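Student: So the chains spell out like this:
Protein chains: 4
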Amino acid sequence: MKLWEKGIAVDKEVEAFTVGNDYLLDQRLVEFDCIASIAHSKMLGKINVLTKSEVAQLEKGLNEIIALSKSGKFQISKQDEDCHTAIENYLTEKYGDVGKKIHTARSRNDQVLTALRLYEKHELQQVKKLVAEMQNTLQTAIKNQGSVKMPGYTHMQRAMPTTVATWLGSFQDALADDLQLLDATFTLVDASPLGTAAGFGVPVLEIDREFTAKELKFAKLIKNPIYAQLSRGKLESSFMHSLTQVMLTLNKLATDLTLFSTTEFSLVSLPENMCTGSSIMPQKKNPDVLELVRAKYHVVLAEEFKVKSIIANLPSGYNRDLQLTKEPLFTSIDTTEQSLKIMSLLVKQVKINESNCTKSLTRELFATEEAYKLVKKGVPFREAYRQVAQSLKEKK
Amino acid sequence: MKLWEKGIAVDKEVEAFTVGNDYLLDQRLVEFDCIASIAHSKMLGKINVLTKSEVAQLEKGLNEIIALSKSGKFQISKQDEDCHTAIENYLTEKYGDVGKKIHTARSRNDQVLTALRLYEKHELQQVKKLVAEMQNTLQTAIKNQGSVKMPGYTHMQRAMPTTVATWLGSFQDALADDLQLLDATFTLVDASPLGTAAGFGVPVLEIDREFTAKELKFAKLIKNPIYAQLSRGKLESSFMHSLTQVMLTLNKLATDLTLFSTTEFSLVSLPENMCTGSSIMPQKKNPDVLELVRAKYHVVLAEEFKVKSIIANLPSGYNRDLQLTKEPLFTSIDTTEQSLKIMSLLVKQVKINESNCTKSLTRELFATEEAYKLVKKGVPFREAYRQVAQSLKEKK
Amino acid sequence: MKLWEKGIAVDKEVEAFTVGNDYLLDQRLVEFDCIASIAHSKMLGKINVLTKSEVAQLEKGLNEIIALSKSGKFQISKQDEDCHTAIENYLTEKYGDVGKKIHTARSRNDQVLTALRLYEKHELQQVKKLVAEMQNTLQTAIKNQGSVKMPGYTHMQRAMPTTVATWLGSFQDALADDLQLLDATFTLVDASPLGTAAGFGVPVLEIDREFTAKELKFAKLIKNPIYAQLSRGKLESSFMHSLTQVMLTLNKLATDLTLFSTTEFSLVSLPENMCTGSSIMPQKKNPDVLELVRAKYHVVLAEEFKVKSIIANLPSGYNRDLQLTKEPLFTSIDTTEQSLKIMSLLVKQVKINESNCTKSLTRELFATEEAYKLVKKGVPFREAYRQVAQSLKEKK
Amino acid sequence: MKLWEKGIAVDKEVEAFTVGNDYLLDQRLVEFDCIASIAHSKMLGKINVLTKSEVAQLEKGLNEIIALSKSGKFQISKQDEDCHTAIENYLTEKYGDVGKKIHTARSRNDQVLTALRLYEKHELQQVKKLVAEMQNTLQTAIKNQGSVKMPGYTHMQRAMPTTVATWLGSFQDALADDLQLLDATFTLVDASPLGTAAGFGVPVLEIDREFTAKELKFAKLIKNPIYAQLSRGKLESSFMHSLTQVMLTLNKLATDLTLFSTTEFSLVSLPENMCTGSSIMPQKKNPDVLELVRAKYHVVLAEEFKVKSIIANLPSGYNRDLQLTKEPLFTSIDTTEQSLKIMSLLVKQVKINESNCTKSLTRELFATEEAYKLVKKGVPFREAYRQVAQSLKEKK
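The listed protein sequences derive, respectively, from chains A, B, C and D.
Just so we're on the same page, our numbering is the position in the first sequence counted from 1, plus 314.
Just so we're on the same page, our numbering is the position in the second sequence counted from 1, plus 314.
Just so we're on the same page, our numbering is the position in the third sequence counted from 1, plus 314.
Just so we're on the same page, our numbering is the position in the fourth sequence counted from 1, plus 314.
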């Protein structure tokens, strides 16, 4: 039964359309919604809307659901619409009237905001951990093969000499900037919407929002209830932007590795057990992992724009459009985490082809060096540049 | 077993990452891949690569798979990677050596292109049918309530009088343009890639591509095998653009209906059994269907841009990135078809509030008419305009 | 003076903000707006709103403006807001009262729609011509160097042998599909909005819309005036999609040429007079043209997304948001035309490095051929595949 | 003369295509490039590549250019390509050989990175100031009219009572979050790329990067030279994301005001001197400013997408594609600053229609309150909810 049903049956096709796959997506929010519900019950106890024993019953029930959910046994049905309803229905069924009281002084609107923010805080920590791991993997690769000299490219043309350490180090530094952005996102996420209800606060009852915020370890309170609603999608788009940044770093690394592992470049070799083959060409050894990581940047990018596009041109207050910001967020988080893991695995096994790297350091790469040697002798740079260019041309 | 496995075990995590959810997505291609495989087998028979009885065996096996697939009993496993492998494995398991021969003179590359184009032709017909149904629904609504006069808006401000027939008719005409684009897309799709193999044709064997194209009812042949690969994603993005256009038409209709059904506008009433409620506010009757249709335009839009972004900056020939263009296509097709269905259902039950429409036809809406009356009497338009403006100002 | 001014001065900053750079953008519409205005005047003459001599005066004035505009001497000022106002003001200033009559029975809304569609028809012809030229350039290149054999790539790895003719031919075929889409767009554009006024038609006066449509050589009439407004932006987005498709073809060609002209691949050489250098590295010869063409695909893509995003979630009838769809359209057209021209110029001078192409045809490229030779001898394909794979492995 | 010209004339059309409008865009970087060049010259003096008097000459020349630029008299020509070349050419022309020395130990690559980051730091301060002003404007509006009660909406349907203070306050809080993101962006921007040259550092000469970083007031150094290149576009996309967030806040405010100022809602009145009219309808008073602000969100969004799309799938090191990230950044900054200014101006003059707000507080808005009153009496919430819903239905 839906939380808002009051006698008029909703068309079946409307139900299917409006619920969509929300009941499946919500599985990952169950745990966080229960945690928030426990804090909410305690608060209702504190302000005497619930008795101590009611609070205890609810806490027990909600912990049961958390346990069931962790073992994959708490399934939200299509009829339930979402995790909030499934949870309330479970409580009512098992514990009677107390279940009907849990929704006092809150709305699904602030409930989902709270569950989402708790989930987001959790996932931000996960992503940060994986980024740090990726940095370590790069560090190990640098330790092992960093001193090898290789050509640096601009415009995909050989430019100047560099080293494997500098090349791989650039990704470490990019990830360091990405971490900084993830931290900035965390600060935005870390504010409690619980108690803003449907965006207009809770009348009549005197709830204690500081209490729930503290229980849930939020750093602060979102005071303005309309702002809590305004942040929906907006906040997610900032989260997704920081994921796009991580994926952009991986996109460049994957692009480099794909190019450098072609027969023609041969600067690196990919681990054979991480390549796939062709159904028709017996000789093929394809860098599918790298290609997919490269492509998945665009997936995360498009999901970010989906959210940023959905939430525009909408007036204040909750609009159902916002429901569709959930899946893009989940997709982006999953994609980024998987990509970080697989790239870390792959980079661990990449082999630098030292002799090919050395062979590629052809004379023209040192043209800038030659020019600077002339500068040291007092030739103005622009003239030294032209002299070297001329001499290279003649030697061809 | 994968089609390309040759002794080196692929890392489990790599398998999971590269296959992704492709094995699930491919379920909807099974039928089309079998149809194409039957045509391919017949052709192999025609050029004496297969015997008549081998062709018959394969046809039998493939028809079995089609039947299993239709009843939901042909499941592609993760280990199979995709529908092509699952089908070849089924045939080899059940019919022995002949299964190992089916892949002669083709690659998974032209196979998936063929299956996709057959699927796309099928879905284009479905979408066209649903668009026509939506046009009919609008026609019925116009027949019933079209003569009601209502304000026309520009800048969301009352502008000039119009009728329900003109308002709803504009969506019919938009859908007519959308149909034209769907037809143009169909023409692009209707060309056979079968026999282009991995993008470089089939050496040694003299295959008959005209034969398979005809068997599969393609209007023509894609002759250049590299172009067959180049079309991947590119073609899908054109398909998706035509779906975006349909969704844009629905987005505007949904936006109008949401606005016109507010308490403040009250020009139309939505069917109660197609509205949903709030978990906290007992009085609410929300136009969720319309809001979701509105938002789903952005989903389809973002999926289109996902594909258009994935396929860029890639050199010629198949790149694994292209695998990720499949899901966006499917999502767009499903979303558009569902949205057309639900909007048709809803529009059938929308009620025009005739008396409110009439009440809204306030005097200022006739200002242009007044100006033209002066024009008829010989006043230059720009002067008539200023006179009417002045008179309206005084009457305020 | 603005067409709608009636005594209340608009804030200067508001004027600057709302006009934006529209007065500059509109320069390219002047000619088309005049052509449409001549047709409109003639029609007003036909229905006796204007006298014959008034029509003659207006036609004279409008032709003056066309001539001035062609020689760059008709400048729209910021105060005029747009071309429509500049034109009306010119006529009123020079020819008196008759200028005040030209706006009878039309609105800037249908005026801009008409001017845009005339402009779009013109530019579609231009783009088509340039696409055909590009196809010819490719044809010449194929004639000259098409028979050279080169490696075909999948996953950026050497796959199977192909020829320059097949490789370059794939772009010809892609452009053929692009032409088809441009034609489909032309059909959508080729309908007259003139006479739909502000989206609600023209009251009181009996205008002859068929007459103006015929004068302007439109294939048909947009009958529903609200649909004329609904098409704004929607139509442009379809135009832009077809441009994106052309740019996608060029993006892939540019990507190939950039890769194939690296020192490592060296399959092609770029004309020296079309490369640029580095300010620091004297030896550099950079393929900037190709890199910019590659990047400009994303420009056109983003402009398309801009339009598709601006026009969503807006209710029926003109909304000022639509003004911002003009610049993206112009940018896309200019970018595509310039890119086609420069790529045609460049491809004419690309040199295939025949000996490098041949050297790159290493043995593994013929693995599929070897497998098919075994198939011809009766070995089932999948077994032949495994035998060849094994033999390649041993020979390494 | 171009910095890299060495005897081979570049095709004129290639020059036009590659330079594009870069020479115009670069006008705004002249000042920042000169500031960086002064620091660079001083450093070259410090390490004895330049004499004291050469440094003095360069400083004099560069300050001249800054002064010329500020008064609009330093024009970059198409032949110069960009600001870096125009500046070097000016110095060489006026001060002879010393001009040819300024480019020692740097590349245009690190030059543009440095100029851009200095420019970005400057603009971030501007945007922050304008955001703070907007917050103040909202604060004043709240002080004046904040106590007025008005309906809060969800799903565009009347939901619960709220106040003007809460409604407008939500935008203040959104802007506070936006400021936080702008600060995070500032931290990312605030690192010196000067001395990373073309992405591979400076050989032979022992430059002092800490010195220039300190001179230019950068908080830290980008140590890895390849990372300096990797940050191009990536950093800008983060800047643009933070601008998109600001515009999103304005988009919602504009959407609310457009809706609330319709005849039907009439909760607010817009200042007449900030509205525009229609060319055909004498009565119209259109909220063009709001519509354009709403639309400009999509402009900024698409420009962000443009940059994020351009920079993907590119290998390490500078690629000319990156040149095209400059214009989107400038467009986004200009658009955001202009939109903040105009919205601040407009909000100052918005009038709340107190009596209409009160009239709109119809009984159903208090349904939640009624339910909570029952809860206070001990009725479980879900039952209270159903009782109130029933009672509302009966009273209809």
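Hints may contain errors.
Because identical chains share one entry, a pair is satisfied inside a single copy or across any pair of copies.
As the list claims (entries may be wrong) - In silico SDA-like cross-links for lysine to any residue, where the CA-CA straight-line distance does not exceed 20 Å:
(1) Lys599 to Ala330
(2) Lys537 to Leu493
(3) Lys384 to Asp411
(4) Lys691 to Asp411
(5) Lys673 to Thr576
No lab work stands behind these hints: they were computed from the structure.
Computed from a predicted model, the values in this text were never measured in an experiment.
Student: Could you figure out if Lys673 and Thr576 sit no more than 20 Å apart (CA to CA) within one copy, between two copies, both or neither?
Tutor: both (16 Å within a copy, 15 Å between copies)
Student: Between copies, within a copy, both or neither: which fits Lys384 and Asp411 at Cα up to 20 Å?
Tutor: Result: close neither inside a copy nor across copies, 26 Å intra and 46 Å inter.
Student: Checking Lys537 and Leu493: alpha-carbon separation at most 20 Å within a copy, between copies, both or neither?
Tutor: For Lys537 and Leu493, only the inter-copy Cα distance (17 Å) is at most 20 Å; the intra-copy one is 28 Å.
Student: Could you figure out if Lys691 and Asp411 sit no more than 20 Å apart (CA to CA) within one copy, between two copies, both or neither?
Tutor: between (91 Å within a copy, 15 Å between copies)
Student: One pair to classify: Lys599 and Ala330, alpha carbons no more than 20 Å apart. Within, between, both, or neither?
Tutor: between (45 Å within a copy, 18 Å between copies)
Comparing the model with each earlier hint shows a violation of hint 3 alone; every other hint is respected.
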